[in-house]
Structure formats: C-alpha cells, structure tokens
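One-letter residues, chain by chain:
There are 2 protein chains.
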Amino acid sequence: MKSVKNYIQENKQRFIDELVELLKIPSISADSSYKNYVLKTAEAVKLNLEKAGCEHVEICKTKGYPIVYGEKILNKNLPTILVYGHYDVQPPDPLDLWNSPPFEPVIKNTETHPEGAIFARGASDDKGQVFMHIKAMEFMTSTNQLPCNVKFMIEGEEEVGSKNLEAFVKENQERLTNDVILISDTGMISKDTPSITTGIRGLSYVEVEVTGPNRDLHSGLYGGAVANPINILSKMIASLHDENNQITIPGFYDKVEELSKEERTEMAKAPFSLEAYQKALDIETVYGETGYSTNERNAIRPTLDVNGIWGGYIGEGAKTVIPSKAYAKISMRLVPNQDWEEITKLFKSHFESIAPKGVKVEVKPHHGGNGYVTPLNSIGYQAASKAYLETFGKLPIPQRSGGSIPIVALFEKELKSKTILMGFGLDSDAIHSPNEHFGIWNYLMGIETIPYFYKYFTELSK
Amino acid sequence: MKSVKNYIQENKQRFIDELVELLKIPSISADSSYKNYVLKTAEAVKLNLEKAGCEHVEICKTKGYPIVYGEKILNKNLPTILVYGHYDVQPPDPLDLWNSPPFEPVIKNTETHPEGAIFARGASDDKGQVFMHIKAMEFMTSTNQLPCNVKFMIEGEEEVGSKNLEAFVKENQERLTNDVILISDTGMISKDTPSITTGIRGLSYVEVEVTGPNRDLHSGLYGGAVANPINILSKMIASLHDENNQITIPGFYDKVEELSKEERTEMAKAPFSLEAYQKALDIETVYGETGYSTNERNAIRPTLDVNGIWGGYIGEGAKTVIPSKAYAKISMRLVPNQDWEEITKLFKSHFESIAPKGVKVEVKPHHGGNGYVTPLNSIGYQAASKAYLETFGKLPIPQRSGGSIPIVALFEKELKSKTILMGFGLDSDAIHSPNEHFGIWNYLMGIETIPYFYKYFTELSK
Numbered sequence: 001m002k003s004v005k006n007y008i009q010e011n012k013q014r015f016i017d018e019l020v021e022l023l024k025i026p027s028i029s030a031d032s033s034y035k036n037y038v039l040k041t042a043e044a045v046k047l048n049l050e051k052a053g054c055e056h057v058e059i060c061k062t063k064g065y066p067i068v069y070g071e072k073i074l075n076k077n078l079p080t081i082l083v084y085g086h087y088d089v090q091p092p093d094p095l096d097l098w099n100s101p102p103f104e105p106v107i108k109n110t111e112t113h114p115e116g117a118i119f120a121r122g123a124s125d126d127k128g129q130v131f132m133h134i135k136a137m138e139f140m141t142s143t144n145q146l147p148c149n150v151k152f153m154i155e156g157e158e159e160v161g162s163k164n165l166e167a168f169v170k171e172n173q174e175r176l177t178n179d180v181i182l183i184s185d186t187g188m189i190s191k192d193t194p195s196i197t198t199g200i201r202g203l204s205y206v207e208v209e210v211t212g213p214n215r216d217l218h219s220g221l222y223g224g225a226v227a228n229p230i231n232i233l234s235k236m237i238a239s240l241h242d243e244n245n246q247i248t249i250p251g252f253y254d255k256v257e258e259l260s261k262e263e264r265t266e267m268a269k270a271p272f273s274l275e276a277y278q279k280a281l282d283i284e285t286v287y288g289e290t291g292y293s294t295n296e297r298n299a300i301r302p303t304l305d306v307n308g309i310w311g312g313y314i315g316e317g318a319k320t321v322i323p324s325k326a327y328a329k330i331s332m333r334l335v336p337n338q339d340w341e342e343i344t345k346l347f348k349s350h351f352e353s354i355a356p357k358g359v360k361v362e363v364k365p366h367h368g369g370n371g372y373v374t375p376l377n378s379i380g381y382q383a384a385s386k387a388y389l390e391t392f393g394k395l396p397i398p399q400r401s402g403g404s405i406p407i408v409a410l411f412e413k414e415l416k417s418k419t420i421l422m423g424f425g426l427d428s429d430a431i432h433s434p435n436e437h438f439g440i441w442n443y444l445m446g447i448e449t450i451p452y453f454y455k456y457f458t459e460l461s462k
Numbered sequence: 001m002k003s004v005k006n007y008i009q010e011n012k013q014r015f016i017d018e019l020v021e022l023l024k025i026p027s028i029s030a031d032s033s034y035k036n037y038v039l040k041t042a043e044a045v046k047l048n049l050e051k052a053g054c055e056h057v058e059i060c061k062t063k064g065y066p067i068v069y070g071e072k073i074l075n076k077n078l079p080t081i082l083v084y085g086h087y088d089v090q091p092p093d094p095l096d097l098w099n100s101p102p103f104e105p106v107i108k109n110t111e112t113h114p115e116g117a118i119f120a121r122g123a124s125d126d127k128g129q130v131f132m133h134i135k136a137m138e139f140m141t142s143t144n145q146l147p148c149n150v151k152f153m154i155e156g157e158e159e160v161g162s163k164n165l166e167a168f169v170k171e172n173q174e175r176l177t178n179d180v181i182l183i184s185d186t187g188m189i190s191k192d193t194p195s196i197t198t199g200i201r202g203l204s205y206v207e208v209e210v211t212g213p214n215r216d217l218h219s220g221l222y223g224g225a226v227a228n229p230i231n232i233l234s235k236m237i238a239s240l241h242d243e244n245n246q247i248t249i250p251g252f253y254d255k256v257e258e259l260s261k262e263e264r265t266e267m268a269k270a271p272f273s274l275e276a277y278q279k280a281l282d283i284e285t286v287y288g289e290t291g292y293s294t295n296e297r298n299a300i301r302p303t304l305d306v307n308g309i310w311g312g313y314i315g316e317g318a319k320t321v322i323p324s325k326a327y328a329k330i331s332m333r334l335v336p337n338q339d340w341e342e343i344t345k346l347f348k349s350h351f352e353s354i355a356p357k358g359v360k361v362e363v364k365p366h367h368g369g370n371g372y373v374t375p376l377n378s379i380g381y382q383a384a385s386k387a388y389l390e391t392f393g394k395l396p397i398p399q400r401s402g403g404s405i406p407i408v409a410l411f412e413k414e415l416k417s418k419t420i421l422m423g424f425g426l427d428s429d430a431i432h433s434p435n436e437h438f439g440i441w442n443y444l445m446g447i448e449t450i451p452y453f454y455k456y457f458t459e460l461s462k
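Protein chains in written order, with UniProt numbering: chain Z, 1 to 462; chain E, 1 to 462.
Calculated directly from the structure, the hints in this document are not laboratory data.
Be a bit skeptical, because a hint or two may be false.
Quick look at which bits of chain E chain Z covers, simulated, 3 or more residues with Cβ under 8 Å [to be verified]:
no., region
1, 9-22
2, 233-243
3, 424-436
Please read these numbers as outputs of a predicted model, since none were measured by experiment.
The C-beta atom is built at its ideal place from N, Cα and C for all residues, glycine as well.
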C-alpha cells in the first residue's frame, strides 16, 4: 500500500495529540453525573469522523446515549465494511491506585512499551482502538486509496450493556447493510505474536439484594437470633461454586460447547507462561475450574464472579450492627450456545430458591449478551490474516477471548454478517483497571494494518 | 424519698430541654471528622456535672477522647458509688432511613410512648441514660438528700471499644475507689416489667482483608482463572458456621458456660412473644443456633456476625471487574468465661488457615472485652431491687443481655468492685439503628428510681 508507513511517520505526533484530546473527556456511561461529558465525547467523535473524510456524519439519538454514525459510499457494487466501536469508558475507581489522574493522559515508557504508552482511562478500551480506524480512514481518503465503502457506528453505552443498540440496529437495518463488521475492542497475544480473536464469551450481569430485618439492628441484642443478610449473602454466594469450582446452578452447563481434544491441543499451542502470568498478578497460584488450563478457564469455560459486594457499616472504625440489607453485583461469562437470557432466568430462580427463610431475596437482571465464534474460512478472517502478515511479517494466531462483546451476536442476528475482531491491545493494558494504557507502537501498528484489511477484503470479495 | 416525684414534675420540661441540647452535638467517636463535636460534648458533660453539684469536675486527657470525671465526697466513712457512662454515640448511617435528622432531636408520641419519646442518635445509648444520673444527682444535692459519696466517670470512646479507659482506670485507681459501680447503658424488658441486666456478653471485633491479584482485573479476561477476593471472602465467611449455625472455629466453645436446665427454665419465664418479635422486625422466622430459644441465642450463647462487607464496584450501574481486595468487619459476642483476647487469636489463626492459595489474608484485631455476671445476692443487686419495687411497684426480673459492656469486666479486675446495670431503655429504642429514641416516661422513671438505689445501698452497707 502506497506510503502508509511514511504517512504515519509524518503525522505520528498529531495522531497522538488528537487521541490525547479525546481521552481528556471523562465519558463514564455508568455514572449519570458524567452525562454531559459523554455527550461531549460524541460530538468530538463526530468531528473526527468528518475530518477523516466520512460523509453524512450524524449523532443519532437513542433512549440513552447517542450513537455516532458516518459513512463513505464510493459505489454500490463495492463491498461495504461496517466499523463498530464505543466512545464510553469504564468508571476509573479505585482512583487512589492510579499513578496519574485517569483523565489527564500522560505518556510514559514501560518495559513492554519502550516507545511509550498513553496512560488514561479508555486509552485502549476503546477510544484508542476506535481512533486507529479513524486515522486509517483519514489515510485512505486523503491518499485516494479507499478501496470500498465504509460505515462507522460508534456507540456510547458499551460499558453499560449497549442497552439501546439493538433498537437502533433494528430501526436502521437498511442504512447499516454491510459485507463484514470490523471491530477493534480486544487484544492480541503480544507485540511479536499477532492474534485475531475468533471467539468471545457471552455475559449475564445481575444485581442481588438480600433483606433481613426491616431495620439495622444492634448485633449484641439481636446477634445470633435473626438472619444476618451479610452472612446469608456470603453463604449463598459461596454455594454457587462446588469443590471443583464448577457453578452449581442447575442447567447452567447444559448447552456449554465442549471443545474436542484436537481443538484444545491447538489452543494449548499459544505461547503462555504460567509463571510470568502469576508473577504479573503477584499471586502464588492460579485458581479455577478443575480439569482446565488457565487459558481454557478464561476463554472456553463459563464463569461466575462477584464484581461488587456491600452491606452494613463500611466506614472508619467499628459499628456493631446487623444490617437490614446486603447487596452484590454478580456477572457470569458464557460460552457459545449458552443463551444469556436463559442463564439469567436460571440464576434468578436458583438464587431465590436457595434463600433461607428469614430473608427476602431480589435478583435484578442488569444486562447481557451471547458468545460468538468467527469462522476461520471466511473472507473476513482471510483478509485480516493477510493484513497482519503484511505489517507484522507473520500470520496471526486465532484465539478465543474471555471477554464479552455482546453486540457481535446481535449483529449476526440482525445484520446477517460476520464480525472480525482485530484487536491491537495487550492484556497488560490494564483495561477496566487503574493505570489503563495503550502502547503507541500498538496504536500506530493498528493504523498501518487496517488499510491492508480494506485492500484484501475488497480483493477477496471480487 | 422526700418529694422526688414533685421535683421531677416541677423540672420535667427543663430536664427534657437540657438533654435535647446535649443530643444536638454529633459526638461520633468512630469518625475522626467529628472530633471537635466529641470534644465539645465532653465540655457540655462537665458543665452539667457541675450544675448537678459535683466537685473537682475535670476533663481528663487520654491518648484518645477525654474522660469527664467529677465527684461529691461527703464523708470517707460513707459508701461510695461510681457512676459510669459514655457521651459518644454510634455513627447514624444509613441516614436515608431516619425520619428526622439524627442530631436534630424531635419529640414524637408512639404506640409504646404515648407520653412522647425523644428521637435522636444517642437519646437512649447513652446520653439519655447518663443524663438520668446527672438529674438524679441534681435532685439529691439540691434537696440535701445525697446519702453517700458519688463519683462520675463519663467516657467518650465506648462505641469504639473504650481504647484508653483501661490505662485511665489503672492510673487512677486511688481516685476511683468505690463500693459499687452503677451503669445505665442497657434496657429493661418493658415499661411494666422492670428488669436488671445481670449478665452481658463479651466481644471480639476484627477487620479482615482478602487480597487476590495485585490490581483490579477485567472479569472477562481473567474471570475463572484467578481467585476472586469477594468470592473467596464469601466462602470463608460462609464456612464460619456449620449446618446447625454453630461457629466452626476450633476451640471457640471450649470455655463457654453451659447453663443448667433450671437456669434455662428460669430464663424462659421472662415474658416473650416470638410472633411479636418477628412482626416487629418484619421477618418470616428467626434464625440461629439449633437447640436454643431466641432469648438464649442472643443472651447466653456466643455468636459471630459480619457487621460490614465491601469490595469491588459498588457504585451505580455495572463494572465487570475482579477486585484486588475485599474486606469485612466481623464481631463475635462472647459469654462469661470466654476470654476475648484468646478468642481473637483463635479467629485470626483459623481465618488465616482457611484461606486458599492464590489469596493473602490479613486479620486486624479491632477491640473487645469479656462477658460478666452480677451476683444476685450482692448488696448492690438488693439495693437496686428495692429501688425498682419503690418506683415500679414490682421487683425487677434478673436478665442476661446479649450486648457487651467490656469495661464491666475491666472494672472488676482493676477496681475490685461489682457493677449494677440499671438500664431504663427498651429494645424498641432502636439504639445503633436509624430513628433511635428514648421514652420520656423511661427517662423520668430513671431519674426517680436512681435516688432510691443510693438510699438503699447506703442503708444496706451499714
């Protein structure tokens, strides 16, 4: 491809500065007090799409945060790529664990990123990766090398379950028609081991509330005589796993896809050092379902994790209280074939059934989505493979990821097209954690690789 | 006793107004941001003691909040009563459950208190009950009916474990010599069933911290592969009780005093309606150790309750995170003969021993104290009995309480004297809960009854 490397070299600093500007806006979709910042981010995305050569760029209202849409249609007979991403970010807390403020981006060199990395919430997930596509688009339009039609759909509610995306997609099926969907919201194995995510897990996220007495009680006067919601909630949560760390919800595993011995052997070839993994997390040992490796546990097996728990007195000092209520946020990662709505129902009825008399239990389904697998023989996967070979000098490894991008399954259902997950982040990016960052090398490699995907996808589609 | 009823009638409104003033000061000892209010409260107590006729009133410095001391020594040959109480209060949260601000006292009539009750944090525990003693003192001095020597010791750290009281008592043994200690920091069975608390439970309060990975992790990428501190903490907490709701800590029950069949039959005579109890708490059923009644579970049996738990994302919306840390505040109520320091050690070593590999566990002992039993044949108990008979027209029922006043055991050890727990509060006072209140009838009955204790204790001591 003509001069993509040079173009990036010439514009490198501007590419970084423009991303830094976007990262300064705290677009936390989970916290309504940040509403204006989220909306401001949508405006910024619109401007950047227009600068990159998109047409008919529009901030599309939804019941929640808007979806930014833009397109460049060259010719109805050419294939069309739909790029999806999100401009909202995870909440940054716990703030005290950040080495620099989450919305004041700084560039620092690290062992993994001697060329520097941008530290900020959203740097990798997903503002940085969305920006790779916008800058690749800019390159292709400004050098007249855009080989096909492009549509951008950048939403603002991915971190809270893409609540309003389904309605939007259904109402805009015409406008969104495409031949392949391209998403960069995942990672690759390492800087010298490119990989394409070919499988993602589904998700069911619920919030539970356990109510005991109708008011907080003195633990001396009532302790031992009434059900303590925290003790009960702990018991209930503990009972959700058996001694092999399998989930005890009846029917939970019924539809779980069991991989063949061959597939598992293939997976096991991905470079992985358990020692390095444990060292990086400062844990003595890993922990999970008996009979599966770490990479299997977080990719092809469903899981249940408590993401938050609270109840009683959590302030400074001591309070001898039996609280009236205790709460937990619980999420389950699902594998292909598990239906998130069915699993949510199974969880709800099981969790309610194990509540002892003396407490009331409420389960509030939060959001979710199904898992997905990309066929390796699809044109999209082949085009992506060739693109990586071009820029990395080696073929990417197909990889199952433990994360969830529920909308991928939604797209297949509503738009009847396959999704290619070209992620340029690294596990060490600390997405969803303090000190999230995105390597400048990764950022630029993404910008360089994407245009080749456009090229090969157009060629292979002929 | 000359004119005590009249004196109360004449000064009733002032007695209420003066208490209301004290209740307005938020003396929350657990939260250091309230420090100045706690100190201001000590000043107020000093002034009130002086007004009541105490001499040598002094705000005695400690490493923490000061202890207010005052005395009235008539004659070295007369018996001496030491009155203990505390001017600090529990934190008021959850604030949204209060019907009126916790530090803006209001008087409302209730079913139990047609004569009105004062609603405010500390109304019953313990400012209101301390004030009964101050007003009784005022009556006796102003009418020249004080029959013996009196010493007041009012501390400001009871709700956080009386951290510095032991040192103070040891350093002031001379000044604190007494023949009996009188405390009103407990309740009675009901307005028409006076009772004296003859047994209290000990306490061991600890805080635990479970650490998994060295940073918060994305629950999709790591879920199922690393130990989740919340899931683990829940499992560990759940394992602290067996299927009979007995505590599983090895050695925990070794020194527990087992009551005789006769004693349990005696206890069972106290009026109690399980139906009313459950209705008042809006629970379908009580919950506790198999083989014991509700009154036994919260009085003569040791317990373990989680008073607070927190970890992960507890804000609005959803965050798919595996937190690095999870925490809980856990307290154990102990019965006579259990040593709180020994129990704390047993908890610590057991809790650390059940932590699975893959997490680190830290147990921080918070505070505690031992249980205590008052001998019914003591002069103090006899004097109290006669005092109640005088004002209530019936003998009080000796009752074991589930609460803890660790300093009672401390007093016996350091000052070699017995404590009489003359409490005028009711279970329905909601101490440690939102909408704490103290009945005006109870308040005035306390003021009326206390001088009779002084009278009979002096007579019986001759």
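Notebook entry, point to check: Out of the numbered hints, which ones does the structure contradict?
Noted result: Checked against the structure, the only hint that fails is number 1, while the rest are satisfied.
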